[in-house]
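Below are the chains, spelled out letter by letter.
There are 2 protein chains.
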Amino acid sequence: MSLLVVGSLALDTIETPFGRVENTLGGSATYIATAASYFVKPIRLVGVVGGDFPKEAMQRLETHEVDLEGIEVVKDAKTFRWGGRYHFDLNVRDTLFTELNAFQHFNPKIPESYRNTTYVCLGNIDPVLQRRVLEQLSKPRLVVGDTMNFWISGNNVELKRTLKLLDVLVVNDSEARQLAGEHNLIKAAKGIIRLGPKIVIIKKGEHGAVLITERTLFSAPAYPLEDIYDPTGAGDAFAGGFIGWIARTDDFSEENMKRAVIYGSTLASFCVERFGLDRFKDLTTLEVKDRFHEFRELSRFEEGDSSTR
Amino acid sequence: MSLLVVGSLALDTIETPFGRVENTLGGSATYIATAASYFVKPIRLVGVVGGDFPKEAMQRLETHEVDLEGIEVVKDAKTFRWGGRYHFDLNVRDTLFTELNAFQHFNPKIPESYRNTTYVCLGNIDPVLQRRVLEQLSKPRLVVGDTMNFWISGNNVELKRTLKLLDVLVVNDSEARQLAGEHNLIKAAKGIIRLGPKIVIIKKGEHGAVLITERTLFSAPAYPLEDIYDPTGAGDAFAGGFIGWIARTDDFSEENMKRAVIYGSTLASFCVERFGLDRFKDLTTLEVKDRFHEFRELSRFEEGDSSTR
Numbered sequence: 001m002s003l004l005v006v007g008s009l010a011l012d013t014i015e016t017p018f019g020r021v022e023n024t025l026g027g028s029a030t031y032i033a034t035a036a037s038y039f040v041k042p043i044r045l046v047g048v049v050g051g052d053f054p055k056e057a058m059q060r061l062e063t064h065e066v067d068l069e070g071i072e073v074v075k076d077a078k079t080f081r082w083g084g085r086y087h088f089d090l091n092v093r094d095t096l097f098t099e100l101n102a103f104q105h106f107n108p109k110i111p112e113s114y115r116n117t118t119y120v121c122l123g124n125i126d127p128v129l130q131r132r133v134l135e136q137l138s139k140p141r142l143v144v145g146d147t148m149n150f151w152i153s154g155n156n157v158e159l160k161r162t163l164k165l166l167d168v169l170v171v172n173d174s175e176a177r178q179l180a181g182e183h184n185l186i187k188a189a190k191g192i193i194r195l196g197p198k199i200v201i202i203k204k205g206e207h208g209a210v211l212i213t214e215r216t217l218f219s220a221p222a223y224p225l226e227d228i229y230d231p232t233g234a235g236d237a238f239a240g241g242f243i244g245w246i247a248r249t250d251d252f253s254e255e256n257m258k259r260a261v262i263y264g265s266t267l268a269s270f271c272v273e274r275f276g277l278d279r280f281k282d283l284t285t286l287e288v289k290d291r292f293h294e295f296r297e298l299s300r301f302e303e304g305d306s307s308t309r
Numbered sequence: 001m002s003l004l005v006v007g008s009l010a011l012d013t014i015e016t017p018f019g020r021v022e023n024t025l026g027g028s029a030t031y032i033a034t035a036a037s038y039f040v041k042p043i044r045l046v047g048v049v050g051g052d053f054p055k056e057a058m059q060r061l062e063t064h065e066v067d068l069e070g071i072e073v074v075k076d077a078k079t080f081r082w083g084g085r086y087h088f089d090l091n092v093r094d095t096l097f098t099e100l101n102a103f104q105h106f107n108p109k110i111p112e113s114y115r116n117t118t119y120v121c122l123g124n125i126d127p128v129l130q131r132r133v134l135e136q137l138s139k140p141r142l143v144v145g146d147t148m149n150f151w152i153s154g155n156n157v158e159l160k161r162t163l164k165l166l167d168v169l170v171v172n173d174s175e176a177r178q179l180a181g182e183h184n185l186i187k188a189a190k191g192i193i194r195l196g197p198k199i200v201i202i203k204k205g206e207h208g209a210v211l212i213t214e215r216t217l218f219s220a221p222a223y224p225l226e227d228i229y230d231p232t233g234a235g236d237a238f239a240g241g242f243i244g245w246i247a248r249t250d251d252f253s254e255e256n257m258k259r260a261v262i263y264g265s266t267l268a269s270f271c272v273e274r275f276g277l278d279r280f281k282d283l284t285t286l287e288v289k290d291r292f293h294e295f296r297e298l299s300r301f302e303e304g305d306s307s308t309r
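In order, the protein sequence lines correspond to chains A and B.
Counting in our numbering, the first sequence runs from 1 upward without gaps.
Counting in our numbering, the second sequence runs from 1 upward without gaps.
Subject to a maximum C-alpha distance of 27 Å in a straight line, what follows is the list of computed DSSO-like cross-link-like pairs (lysine-lysine):
no.	chain 1	residue 1	chain 2	residue 2
1	B	Lys-75	B	Lys-55
2	A	Lys-258	B	Lys-289
3	B	Lys-204	A	Lys-204
4	A	Lys-164	A	Lys-258
5	A	Lys-109	A	Lys-78
6	A	Lys-187	B	Lys-204
7	B	Lys-289	A	Lys-187
8	B	Lys-160	B	Lys-139
9	A	Lys-204	B	Lys-187
10	B	Lys-281	B	Lys-78
11	A	Lys-204	B	Lys-190
12	A	Lys-258	A	Lys-204
13	B	Lys-160	B	Lys-109
14	B	Lys-258	A	Lys-289
15	A	Lys-160	A	Lys-109
16	B	Lys-187	A	Lys-289
17	B	Lys-164	B	Lys-198
18	B	Lys-258	A	Lys-204
19	B	Lys-204	A	Lys-258
20	A	Lys-75	A	Lys-109
21	B	Lys-258	A	Lys-258
22	A	Lys-190	B	Lys-204
23	B	Lys-109	B	Lys-139
Everything labelled a hint here was simulated from the structure, so no lab data went into it.
Start from the sequences, fold in the hints, and give me the full structure.
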């Protein structure tokens, strides 16, 4: 099945207590596509870069069999740049700079050959643009979208219009709370379901992820990593692993969605093991499979003789 | 098998956004014993109260088949009183007052008939007193202990002496981090294991709990409650459910420990559904069993065809 990813392509400068990298390939679409490429190829990616986008970055995308047709190159503009610094508590991050550059006037144009795409993942971009993507598609089977606090507080009306068109919303816990205006995460998810998406997936970082529908709840543990080098892109890698598995299996039954959440968690757990996208340079599908199985052991228990008095 | 619980007995005044109760039965030993009583009876409880401890409170303990022999009544003192106020975010709590009263000079005396107890749960009291309890016992098979930030920062030397004598330490995530001086929870748990306990259980509230040994990790989800009325005692109810199940089955294999974590999570999830100990007034063993099984469904997924390209 075909997968379309729309979002940002960026050059990131990242500082963590463990080191610093400058102008490394980043952006939501990049992480989503890279993670999804473990399940489905090629990946259709729509995004924009400047004339300064390095040839090696383009080659990295090609290594993951990202189709480059949908990447617009604005020759006389610079590529979107983002800088962030993580604290000793890696859950806390300061944004050092955001230079939108070519991304500022991003207006996603879906190539003719992509319009019949069956699965879509909308990275965290302006909800107006997310909608514009969907308007250009014939009839995708499943649309997964991400958003962030910036749009929740800054463009709530447009975001709510877009939410009506999503099948699955993937957000982190604070975004879910903010979007629903509700502290309890279960209630918050149900509030979001009333806004449109049939399924809400809440990413909780070191605490795992939950998938919530009107009828069910599935709780995925986090993979117990002792060394996390760089959390950048983990949420997007999660979304990519999730939609990648769904697109590969062409099965969006509840049971398969649960597996997809575990594959999302698997890809996110690899993502944070090194800086930026570095871990994906040599990550094999065998490693992905093995960790998927380890996830099962993490939360498995035998009921045994459960008689109580 | 026999179970001894040592800790505080208190009269709590609790304010949450959903209401207020005054002088309701509380204290770590009370919650631990009440939760454990769903698995093993009678519960041997050692604690101290004042002459003002209400007859109804004593009767409540008897209802849960708590043996009252070990409860010391200091006639001319008042019972330990604690007052707390929870914020809209129930994870945030202000202590309004702490009147130690009779508890201030608590010196646990283990009745002769309790000294052969096989399972022990030490509630959160001065680590010096926790040790004094153990010195009076012949040879318990498993000792579970709790502690808190007050002792970690205030009496670290004594706490570390006590840790050497515990088989299982049950703490919340911030306590684990503080005790080990390490932000990463997995590393923190391993640091604590080097201090003595073979098993560390980290309670993460709405994010569930993890059991960590030198070799394994087990992640238990939290039960998805939409309405949490009062978090007071949830951690102690967890410890009580955990040790209660172990004592009932007399099996501390790793596999059974995992079940015990789920029973702990089960009892904690009931605890927060009403104020103080109110939920336990009519909680049946059938409800406990049912929720235990629901926990399994929460994190269960079928591996299916997990082939990746």
